[in-house]
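Line order of the protein sequences matches chains A and B. Per the working numbering, the first sequence starts with residue 1, numbered consecutively. Per the working numbering, the second sequence starts with residue 1001, numbered consecutively.
Keep in mind the hints are simulated off the structure, nothing from the lab. Just so you know, not all the hints are guaranteed correct.
Ranges of calculated distance between the beta carbons of each label pair, as one might list FRET restraints [as the list claims (entries may be wrong)]: (1) PRO2(A) <-> LEU1207(B): 40 to 48 Å; (2) GLY1270(B) <-> PHE6(A): 30 to 38 Å; (3) LEU1236(B) <-> GLY56(A): 54 to 62 Å; (4) LEU45(A) <-> GLY1210(B): 42 to 50 Å; (5) LEU45(A) <-> ASN1469(B): 31 to 39 Å; (6) ASN1697(B) <-> GLY163(A): 29 to 37 Å; (7) LYS1666(B) <-> PRO2(A): 38 to 46 Å; (8) GLY235(A) <-> LYS1436(B): 47 to 55 Å; (9) LEU1207(B) <-> PHE6(A): 35 to 43 Å; (10) ALA1434(B) <-> PRO2(A): 50 to 58 Å; (11) ILE1686(B) <-> LEU45(A): 57 to 65 Å; (12) GLY56(A) <-> LYS1666(B): 31 to 39 Å.
Here a beta-carbon is modelled for each residue, glycine too, at the ideal position from N, C-alpha and C.
Listed here are the chains, written in short residue letters.
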Amino acid sequence: MPLPEFDYIRPKSVEELVSILAKHGSEAKLMAGGTDLLVLMRDRLVRPRYVVDIKGIGELQGLSWDEGRGLTIGAAVTLNEIIASEVIRERFGALWSAASELADPTVRNRATLVGNICNASPAADTAPALLVHNAEVEAVSAKGSRKIPIEDFFKGVKRTALGPDEFVKAVHLPNPPDGAKSWYLKWKRTWGEDLALVGVAGLVANSGKWIVRVALSSVAPTPVLVAEIQNAFEGGGTLEEKIEKAAASIPGGICPITDVRCNAEYRTHVAAILTKRVLRKLLGLG
Amino acid sequence: MKYSYMGKGVPRIDAFEKVTGTALYTGDLRFPGMLYTKLLKSPLGHARIVNIDTGEAEKLPGVRAVLIGKEAPYKFGIYMGDKTVLASGKVRHVGEPVAAVAADTEEIAERAVELIKVEYEELPGAFDVLKAMEDGAPLVHENMSEYRHAPFIYPKSGTNIANHFKLRKGDVERGFKEADVVIENEFYQPQVQNVQMETHTSIGQWLPNGQINIWTSAQSPFAVRHLLSVGLGVPLHKINVVVPYLGGGFGGKAGLHWEPLVVLLSKKAGGRPVRLVMTREEQFYTTAVRQGFYARIKTGAKRDGKITAGAFFYVWDAGAYADYGVNITRAAGYSCTGPYEIPHIKCDSLTVYTNHPYGTAYRGFGHPEFHFATERQMDLLARAIGMDPVEFRLKNAAVPGRITATGEKLREDAGRVDECIKAVVEAIGWGKKAPKEVNGKLRGKGIAALWKAPAMPSSTSSSAILKLNEDGSVTLSISSTEMGQGTPTGLAQMVADELQMPIEKVKVVTKRETDFSPYTWQTVASRGLFMEGNATLDAVRNLKEQVKTTAAELLGVPKKELEVAEERVFALGRPDKSIPLAKLATAGIFPDGRGIGGPVLGYGYYTAEGLTNLDPETGQGLPALMWTFGAQGAEVEVDPETGDVRVVKMASAFDIGRAINPLLLKGQVYGGIVQGIGSALMEEFIFDERGALLNKNLTDYKICRTQDIPEEMVFIPIENPQRNAPHGVRGIGEHPRISIEPAIANAIYDAAGIDLFEIPMNRERVWRALRKKGEKRAFA
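One chain only, chain A, in its complex shape (with noise of 0.2 Å):
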């Protein structure tokens, strides 16, 4: 099926992407691999005068880490460049396995980390690893640029915190915690390629004091950090103690909805699995 007219922009800096933006703004859709804006044009969701492609721009290839400054990763960086990264393997765990987990190999070849978040589906699937690592997203616009942590992020389904002249530059991971481990689960309804029906991604600290963050996605209209999972361990008993504590206050913070892909009931269920299991990988439990 043929896509709708459009324009097609190729800028080659910054700068030219600011002013393009400056002047169309809500006409302009900016596309990085492509692999959700194209599928929404041919689907006549959406229908933009303007498709801005960023590939072009050299300042948003950067995948930088040093231990000052953690993890930068640009806005034409794709999946299949954070997967190949041996720092984000050892140190980011929970974003290099959503990444792993996004799609398929071929879409990965495209799609990227900041596509994949300004997209906001509530299933992004690097979005619970970003939320686990505190991550905080650069935006900017003519009027300059501001940093949003990645909790203020996600509005909507599909909304975003970014205005219509701005666009995300790059997003930063401050470096976890000492001996801090992170992976991220992801429910489909096949063991190939598919949409997630419930992602969970869980961050696991310990030098004296825990440390453990989980943030899931499918399960409410953006994704979701839940902060109970963190008093879960401040208390008394065992390990597996609290992480059974942790899994009984996953239903209050999540509000799953029924949909196509399954119902809201086996989305609770498996968000609470989800959940054991990625803190029983990351505390050694087996």
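We have chain A already, so just place chain B on it with the hints.
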């Protein structure tokens, strides 16, 4: 013998062109002046069309034809003439085309479609197959009694029932009285899609002189020509149908589909070729799909394991048009028992119209659907009488000498379901001690048997032409299409063996073209290798006869002393009496220059033998040219927390008579298993309450991906040759896909103790069943 290809894993003869992308499919073809089609589809499940305004669309530059149903009143249908190419008067399902535009580009056609305005008056719909059978249900076809239909179809006028197949054998009530145990269960399978890689694609041209040319992704070129001729009232010789390679058919491209639409658009556009390629979404809800299925089965058995009676009530959700559905209803009806002898049988198999997308053939022709019911029932009944399900099956197995549901006594060469069952038992280690729990997952094994015969007219036929070329090579023409199954390779092996020449010297024509190619009924029903094989062997005999006749004159040797091998005709033991085939291809030549004979063109045919019509009241008769028997076994792992079912191993055995090409055979078997697992665990049409399909895409209609394929697949060929078959072969195209669902369902019971009656056995459904069982235990 120098050349021996029978039983060898010869690589596909079309592998090179398919792998390199040079093989042509309908969608690759372009013609000068060709137009592109887009469809306007109904958003409603059942509605009267009040008005269609195409004015704006027609004004759009580049639009060459806009067609609506009123302009195309022709009725089509292979068994029931119930379908127009565009909805006329009313729409009968969401996604049904209401108008079509042919334009210079796809973009223009798309824009024009958006400019067409349709006014509907919504009608109450028939969205549930069982409710659609009730008195007073909204009628999908008010004028069904006026439709032309095949003589073996029994519609009930004034209802939604398009066919009622009846089978009565023995005295079923007496049979139930003789039983020690009687059980009754209901089973359900949803509508699914064939999901061919290549969507339906057709190019049509209706020239001003009356000639109609069609290039199409159809399984059966001669059926397209015939049905188009009948529907449009055009003489056959004015229609030429060309079929290149198909990118998968699985039954969904049998018969006639969108060919009449592109032809009528072409006529309106002054004879320009018009192309239509279905989108993936249209493949789900505009074009044909597999019927939904409901079964209620009552079976009785004695404590010693002998089944005494079976009552089979099958209801088929045909959707809006009958298409192949009415014949699937019949084929499933006469095979209703599965591969077992049951003395007393009653079967009612009904095709019911609903306001769903319309059903058609799908690999297995109803057999995957009803075998899920019958093979689950076999396990449930075995359990009820306290017998091992394998022993129970063997006790009742339809082995040679036993009587089928239609009263056929199985011949000695009919194939052995018992050997298939035993082979699968061995392969999956049935009854052997194995851990019930591995890493928190529950393990179990299940087994299911099967049978299927081709559903064909009693006089179905095939033909073949074998041309001898001037260099001694041969060219085989057949009209059975190639859609992945590999029949041309098998036939090339047969020709090379029979003529004792290298297979490299045998060409099988890839294009099928009704103006030139020999007739065949259809490429369906797992009939290709059997029917075309017989026709090809007949053509080889005919070619040999021709070359021997000429050679006998030239060599001065009686014809009966001559042999053909290694590209020569010769007399055994007399090296001086020999002539190359190449020297006979156009004509023989005497030493003085005189010619003899002529161009050699072997012709052969095969017509089904010994089939009869079935009695309309009792269903008794001989419907089966051959039965292919089989058995399939699954080993599964069930996650008790989430309901996930993983098929760890799948073993299959089929009595294929003779393996012509074990390599391609494996391909068929593995492909069937993968397709079956998709349907067993994830595939299903999900509708809203007004008949809109909610998952008409591959995002939400899941099919098997590489990760879902079992770690281990085992295929055991059983080879008891069939008497009237080429080299003893039986059809195998559909069978590997038939008993996957029941094998897995039976294994799930073994693993987790839950009984499933509904397909697909997806994670959520299995989890619900596990939870229900858990609750029962908690309250017990």
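Okay, the hints, checked on the actual structure:
1. Our hint of 40 to 48 Å for PRO2(A) and LEU1207(B) is violated, since their Cβ atoms are close to 28 Å apart.
2. Look at GLY1270(B) against PHE6(A): about 33 Å separates their beta carbons, and that is inside 30 to 38 Å.
3. The hinted range of 54 to 62 Å is satisfied by LEU1236(B) and GLY56(A), whose Cβ atoms lie roughly 59 Å apart.
4. For LEU45(A) paired with GLY1210(B), a C-beta distance near 45 Å keeps the hint of 42 to 50 Å intact.
5. Between LEU45(A) and ASN1469(B) the beta carbons are some 57 Å apart, a value that contradicts the proposed interval 31 to 39 Å.
6. For the pair ASN1697(B) and GLY163(A), the supplied restraint of 29 to 37 Å holds, since their beta-carbon distance comes to about 32 Å.
7. At roughly 40 Å, the beta carbons of LYS1666(B) and PRO2(A) sit within the given window of 38 to 46 Å.
8. Hint check: GLY235(A) to LYS1436(B), Cβ distance near 37 Å, so the stated range 47 to 55 Å is violated.
9. Between LEU1207(B) and PHE6(A) the Cβ separation comes to about 39 Å, which falls inside the hinted range of 35 to 43 Å.
10. Between ALA1434(B) and PRO2(A) the beta carbon distance is about 55 Å. The supplied range of 50 to 58 Å therefore holds.
11. A beta carbon spacing of about 20 Å between ILE1686(B) and LEU45(A) contradicts the range 57 to 65 Å that was offered as a hint.
12. Range check, GLY56(A) to LYS1666(B): about 48 Å between beta-carbon atoms, so the 31 to 39 Å window is missed.
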